[in-house]
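S.K.: The hints should help you fit chain W onto chain E, whose structure is shown.
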Amino acid sequence: MLEPDTIEPGLPTGPKGAADETRVPTLSKVAAGETRLPALRRIALSPSLALALTIGIFVLYGLTQTSEFASGAVWINIVRDASFTAIIASFEAIVIIGGGIDLSVGSIFAAGAMVSAALASQGLSPFIAFAAGTMTGAGVGLVNGLIVNYFSIPAIIVTLGTMFGVSSLVVHFSQGQPIAPLPNSFAYIGQNDLFGVPYIIYVAVVIAVIAYLLLHATTLGWNVRALGANREAARSSGIRVRALSISLYVYCGAAAAFAGGLEAARLGAGSPDFGTGLELTVIAAAIIGGTSIYGGLGTIPGAALGSLLLSVLATGLILLNIDPTLQDLATGVVLILAAGLDQVRRRQMFRTSARRAHAAENG
Amino acid sequence: MLANSEIDKEESSSSLPVLEVSNGWKSFGHVTALRDVKLQAYPGETLAILGDNGAGKSTLVKVLAGVHNLDAGELRINGKMVDRTSPLLAKRNGISTVFQDLAVIETLDIAANMFLGQQLRRGRIFANRRRMFTEAAESLAALGVRVPSVRAQLGELSGGQRQGVAIARAVREDNPIVLMDEPTAALGVRETAHVGQIIRELTRRGKCVILVSHDLEFVLEFSDRLLVLRLGRVQGARSTASANQQEVVAMITGLVGSDEAKARS
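So the protein lines, in turn, are chains E and W.
Take the first sequence: its position 124, counting from 1, is numbered 674 in the working numbering, and each next residue is one higher.
Take the second sequence: its position 57, counting from 1, is numbered 82 in the working numbering, and each next residue is one higher.
Chain W on its own, in the form it takes in the complex:
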């Protein structure tokens, strides 16, 4: 098992990155959200992206999820260059995403939300609602997400339940790459730990998990590598096992300079 491995995989040649960004730039109007960002993620590992508000974490996740295209730079999925992307293409390329805003539809029931954009069909055009009800219930039960009924409208659920549905949806898609943007934001201590178990299980099955979270303790416990962003730049990458909390906090807040700057000086 690769988790807890001491090797910094960026230097290991044993496996190729499933997801790679090089020299990634992204601006919105006058705001440059990503500056020359570099990211490599490997199968069977959890790469955590850390950073303060406005560091570019969510932008980076949205680039990976196909919501935004990079202005400049390269995005590679399984070594294949992606020129123009979209959420649909990202999904077809094997990427599932738990968005920060969850991307759920409040006026639809849980099952419809679980199969949003990829409904089970009966014949060519008909929705197979019955199978979606059954399979949604099975997926939720397997992950221990408790909901009143898969027929309940999403708008009737609590924040934690909604988060559970969004995570279950990404897990059910069974894609090799899973992006999670603040997956524990609405969760209590117990449920957060449970999400950690889900992440471990995903990496054990050889999937690549990219995790964005404010919760430093959670990240240090459940990730294999850390990528710290600050003001759109990569401050540095660390293997979680060798990282210490003070240094990571210093990197996030900018108390220490970026690795690149240190290398230059």
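If we strip away everything but chain E, and leave its shape as in the complex, we get:
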């Protein structure tokens, strides 16, 4: 930072380097130590670790208050509730990391549930019912993506619009009536266990792993982070930013609709008021999990842990006999703390830049 002396022409360091060395010797030593431990520093600042610790501390405290925190059945419920949020939050996180946001997931959740339920109740196979519901969500996602990318309307407005629109269509076509009962073949996946663990949880784990691989292991995932952090630079580098951005809304819509189908299967009924307010829970889970609302940064394990934390809080506060009306207060506090952590992380990243650059020059 002091001198941009970084392209080394292979000449011996001149007196300038030596002067730097004597001017701030302690600083450069600190920096040299830091460059050796970037992994540790990153883990210490990772939101996933902070989340895991928060959940752990809350549960430990809960255990000292009531033995119900040790009950397997309670935990199965907590994790099953978290599963629905996590399925959607994984892909919502990818949309946000890619520089967008999707507020329509709650409405898409209801649409997916109703389409799946309607087809299942007509006697179609569960596979077709789920596929059609999921495709409906993908279709809404495609509409979101196309409008956001071709009409340059901010994603928050477009998806707010489709949130209202889709919700209205769901009520219109269902006449506001739930669809029930649903055949057992369809409800099976939502109501049965394997080794004492609901299928829903396995399904959520598989979907989260798919999202994880997509974001963390594929070339698409790296392009998504570039897109969200600096769309112009991503485009200049030859990334097809429009197609990429559109695809993210499609994945997110599909995930939300599929989760809606699962909910219909779990309850044995589809209802047009499914998913009310779900978009906010999902976005909160993603942000609590360390997804930066500014785009570019975030992880899937974080989004999954964020979903788990919200679910643990929801059940835990009831177990602790705390007035349930205060539950959203806890969610709000955690959300703001998480966003604050994101700010600290960004600032930390750029503060160390000066020291690092210096270390590189002298080291």
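Because the hints were derived from the structure by calculation, they are not lab data.
Just so it is clear, the structure is predicted and the values come from calculations on it, not from any experiment.
Possibly wrong hints are sitting among the right ones.
[Claimed, not checked] Some chain W residues flagged as far from chain E (calculated, every beta-carbon gap over 10 Å):
#1 Ser47
#2 Phe53
#3 Thr57
#4 Asp61
#5 Gly98
#6 Pro112
#7 Arg117
#8 Ala152
#9 Phe158
#10 Leu245
#11 Val274
#12 Gly282
#13 Glu285
[To be verified] Derived list of chain E stretches under chain W, where covered just means 3 residues or more per stretch with a C-beta under 8 Å from a C-beta of chain W:
#14 763-774
#15 778-788
[Unchecked claim] Derived DEER-like restraints, expressed as beta-carbon distance ranges:
#16 Asn94/W to Ala889/E: 49 to 57 Å
#17 Asp108/W to Leu879/E: 28 to 36 Å
#18 Arg109/W to Asn742/E: 36 to 44 Å
#19 His55/W to Leu876/E: 55 to 63 Å
#20 Arg117/W to Ala889/E: 34 to 42 Å
#21 Arg117/W to Gly715/E: 51 to 59 Å
#22 His239/W to Ala767/E: 36 to 44 Å
#23 Ser174/W to Gly689/E: 39 to 47 Å
#24 Asn94/W to Leu876/E: 52 to 60 Å
Even glycine gets a Cβ: it sits at the ideal position worked out from N, Cα and C.
M.R.: Just chain W now, kept in the frame of chain E:
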């Protein structure tokens, strides 16, 4: 070697231009950034584009890099007409660019930045991070760009290091045409000279380098030909070896009229 050649290649028929703009016009709203611009660049030479602020240098580079399409006029790459372009198409047509704003992603590590938009793959869809780390480190070392680690986030680097990464990325792509928009803006004297050596090496390997820079001394030392723009128009083209600094400055500032105007009068 073609560098320092006295021949003005626009008149030589020995090789065809790899990059050619004729009658290029480009406007942004009410501002006309390029007016009837003509440019020809040949393999194995460095063509410097000079001009004051607002002369249209960056716009011209962005047209060549595929960021902007011309409103009117022709862009030819290797003699082939390009109707509609994009950064992706420009890259596929063999053009690498060091953008003025560097086009890097601060939240990604150096290796991811080096392979931005063209990651190495494992299988069809997976990113081969390990190979990108190794190859990024090799490319940077080969060019003498010193960074703490290719795993360091770009946002942690100094301006000079970032510039080094952006240049190394363009060089690594090994394309026949390299555009550099103010590649030495964040660099000190030593590093600027080093970039000059990199440019010489590129032209020695037969590549065409198009260089935009404010640094007149640097341009006069490391380019083969000069193209001077003023207020979106071409003021004139010179062979660097035969150009003298006063005349070039006069052309940039408009103290002397354009070559075309002189020819008319």
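S.K.: Compare the structure with each hint and give your call.
M.R.: Each hint, compared with the structure:
no.: 1; hint: Ser47; result: 25 Å, holds
no.: 2; hint: Phe53; result: 15 Å, holds
no.: 3; hint: Thr57; result: 23 Å, holds
no.: 4; hint: Asp61; result: 26 Å, holds
no.: 5; hint: Gly98; result: 22 Å, holds
no.: 6; hint: Pro112; result: 5 Å, violated
no.: 7; hint: Arg117; result: 8 Å, violated
no.: 8; hint: Ala152; result: 5 Å, violated
no.: 9; hint: Phe158; result: 13 Å, holds
no.: 10; hint: Leu245; result: 20 Å, holds
no.: 11; hint: Val274; result: 27 Å, holds
no.: 12; hint: Gly282; result: 35 Å, holds
no.: 13; hint: Glu285; result: 32 Å, holds
no.: 14; hint: 763-774; result: holds (count 7)
no.: 15; hint: 778-788; result: holds (count 9)
no.: 16; hint: Asn94/W to Ala889/E: 49 to 57 Å; result: 40 Å, violated
no.: 17; hint: Asp108/W to Leu879/E: 28 to 36 Å; result: 59 Å, violated
no.: 18; hint: Arg109/W to Asn742/E: 36 to 44 Å; result: 55 Å, violated
no.: 19; hint: His55/W to Leu876/E: 55 to 63 Å; result: 58 Å, holds
no.: 20; hint: Arg117/W to Ala889/E: 34 to 42 Å; result: 41 Å, holds
no.: 21; hint: Arg117/W to Gly715/E: 51 to 59 Å; result: 39 Å, violated
no.: 22; hint: His239/W to Ala767/E: 36 to 44 Å; result: 43 Å, holds
no.: 23; hint: Ser174/W to Gly689/E: 39 to 47 Å; result: 45 Å, holds
no.: 24; hint: Asn94/W to Leu876/E: 52 to 60 Å; result: 57 Å, holds
Comparing the model with each earlier hint shows violations of hints 6, 7, 8, 16, 17, 18 and 21; every other hint is respected.
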